Amino acid sequence: MIEEKIIELGFTVPDAPKPLAAYIPALAVNNLVMTAGQLPIVKGELKYKGKLGQDLTEEEGQKAAEVCLLNCLSVIKSVVGSLDNVERILKLTVFVNSADDFTAQPKVANGASELCVKIFGEEGKHVRSAVGVNQLPLGAPVEIEMIAKLK
Amino acid sequence: MIEEKIIELGFTVPDAPKPLAAYIPALAVNNLVMTAGQLPIVKGELKYKGKLGQDLTEEEGQKAAEVCLLNCLSVIKSVVGSLDNVERILKLTVFVNSADDFTAQPKVANGASELCVKIFGEEGKHVRSAVGVNQLPLGAPVEIEMIAKLK
Amino acid sequence: MIEEKIIELGFTVPDAPKPLAAYIPALAVNNLVMTAGQLPIVKGELKYKGKLGQDLTEEEGQKAAEVCLLNCLSVIKSVVGSLDNVERILKLTVFVNSADDFTAQPKVANGASELCVKIFGEEGKHVRSAVGVNQLPLGAPVEIEMIAKLK
Chain A
1 MIEEKIIELG
11 FTVPDAPKPL
21 AAYIPALAVN
31 NLVMTAGQLP
41 IVKGELKYKG
51 KLGQDLTEEE
61 GQKAAEVCLL
71 NCLSVIKSVV
81 GSLDNVERIL
91 KLTVFVNSAD
101 DFTAQPKVAN
111 GASELCVKIF
121 GEEGKHVRSA
131 VGVNQLPLGA
141 PVEIEMIAKL
151 K
Chain B
1 MIEEKIIELG
11 FTVPDAPKPL
21 AAYIPALAVN
31 NLVMTAGQLP
41 IVKGELKYKG
51 KLGQDLTEEE
61 GQKAAEVCLL
71 NCLSVIKSVV
81 GSLDNVERIL
91 KLTVFVNSAD
101 DFTAQPKVAN
111 GASELCVKIF
121 GEEGKHVRSA
131 VGVNQLPLGA
141 PVEIEMIAKL
151 K
Chain C
1 MIEEKIIELG
11 FTVPDAPKPL
21 AAYIPALAVN
31 NLVMTAGQLP
41 IVKGELKYKG
51 KLGQDLTEEE
61 GQKAAEVCLL
71 NCLSVIKSVV
81 GSLDNVERIL
91 KLTVFVNSAD
101 DFTAQPKVAN
111 GASELCVKIF
121 GEEGKHVRSA
131 VGVNQLPLGA
141 PVEIEMIAKL
151 K
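If you're matching them up, the sequences are chains A, B and C in order. For the first sequence, counting from 1, position 87 maps to 87 in the numbering used here; every step adds exactly one. For the second sequence, counting from 1, position 43 maps to 43 in the numbering used here; every step adds exactly one. For the third sequence, counting from 1, position 138 maps to 138 in the numbering used here; every step adds exactly one.
Check before you lean on any hint, since a few could be wrong.
The list cannot tell twin chains apart, which means a pair is met if one copy fits it or any two copies do.
Okay, derived cross-link-like pairs now, DSS-like style, lysine-lysine, Cα gap no bigger than 25 Å in a straight line [what the hints assert, rightly or not]: (1) K125 with K18; (2) K43 with K125; (3) K18 with K107; (4) K5 with K47; (5) K43 with K5; (6) K5 with K151; (7) K18 with K49; (8) K5 with K118; (9) K118 with K151; (10) K149 with K125.
No lab work stands behind these hints, which were simulated from the structure alone. For clarity, every value in this text was computed on a predicted model and none was experimentally measured.
Sequences and hints are given; from them, build the entire structure.
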């Protein structure tokens, strides 16, 4: 039971955040499900804001990445009913709002990747791109999109 | 008839822009079709240029995003023959050329997302990531790639 | 024999680089295989570093893109056993670490795209997005992810 595992780890699956605009948060196609880019929003408010290497520590960036990951799971749940319908996590794309000289995007993205593996075990192991960008919606420090395979 | 709908909305499906380099503009695989990143090019010329939050208004950015969307549809048509072979639009990835303090990427991306829904209705609703970047090919303000499902 | 072709062209398929963090380098799903973002790492060391338009020439950027492409093939091989199991290359996403005024991302990405076509011929022709970003992991000039179709 994936949701119980998430709670054991000290987290919860939030209600699915509403898209900021004219799109849907997640969508199933064939045996895959893919999410829109998720920000570190908690209960409608951006919980972390600013650039890594300037406004936030790496640890804060990792916490932001954890929230993004939980929001990805949340919107997947909203489409497939239960996270127990997920066979495995396939891919994360992690955009990190970075000062021009910040190069530790992988460390920030690990916040999401490591939580993903804690939750799903072997089935949580995914491919990943971590990329620096000079700005993100609302000034968020991290934006993550996920592709997963359904049972 | 999707092309008639596009004309009703006051737009046209352009001829497919030529790739800027050694790649192809769109490609079908299994029951999906995916595009290369499309710029706001009209008849071989970049119609909009520069950074949001510095050189262009949000409204200009939205217009640029509309052109990118039409170019995505154009290159899909060039591969699958007719837009009526598209079952639904699955995903847009929207890269917005942004000044370092510009955070309204979702508003810019809405230019594409809203036109997509006007054209395809329910089948136009897609997942989306909108991301700021510090520069794009040719100095374009927006670059969009699309994944769609075929009938 | 794809590996022989690569050697004829004067390159080799390196050992698969180790991920920088908590993820896996490539993963097969259905009849596709997708890679994590690959940097221009050779034998564990970043071979090129810095921003295009500031620290590296376009030609150096193209060489870096070639290394990224070979690393993509390397990690695919590590998952599917032989590159002869690849039916065709579908997509490259090329992130180019760019000075704020550098707009020749397509030329840099051509380093990867052209090598891909030399190696795989018609089956190497792919869709592609080339995007500028203000920073990449370790300060790498290029990061590339690949999706390919398996036989």
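Could you place K18 and K49 in one of the four classes (within, between, both, neither) given a Cα distance threshold of 25 Å?
within (18 Å within a copy, 31 Å between copies)
Regarding K149 and K125, is the shortest C-alpha distance of 25 Å or less found within a copy, between copies, in both, or in neither?
Intra 12 Å, inter 21 Å, cutoff 25 Å: intra and inter.
When no copy is named, should K5 and K47 be tagged within, between, both, or neither for a Cα gap of at most 25 Å?
Within. Shortest intra-copy distance 23 Å satisfies the 25 Å Cα cut-off; inter-copy 41 Å does not.
Between the shortest in-copy and the shortest cross-copy C-alpha distance, which are at most 25 Å for K5 and K118: within, between, both, or neither?
Answer is within: at 9 Å inside a copy they meet the 25 Å cutoff, but 41 Å across does not.
How do K18 and K107 come out at 25 Å by Cα distance, when the copy is not named: within, between, both, or neither?
This pair counts as between: shortest inter-copy Cα distance 15 Å, intra-copy 28 Å.
Taking 25 Å as the upper bound on the Cα-Cα distance, should K5 and K151 be classified as within, between, both, or neither?
within (18 Å within a copy, 37 Å between copies)
Checking an output row: K43 and K5, CA cutoff 25 Å. Within, between, both or neither?
within (22 Å within a copy, 38 Å between copies)
First find the shortest C-alpha distance between K43 and K125 inside one copy, then the shortest across copies, and answer within, between, both or neither for a cut-off of 25 Å.
For K43 and K125, the Cα distance is within 25 Å only across copies (24 Å; inside one copy 28 Å).
Intra- versus inter-copy proximity for K18 and K125 (alpha-carbon distance at most 25 Å):
between (27 Å within a copy, 14 Å between copies)
Within a copy, between copies, both or neither: where do K118 and K151 come within 25 Å Cα-Cα?
within (19 Å within a copy, 33 Å between copies)
Taken one by one, the earlier hints all hold for this structure without exception.
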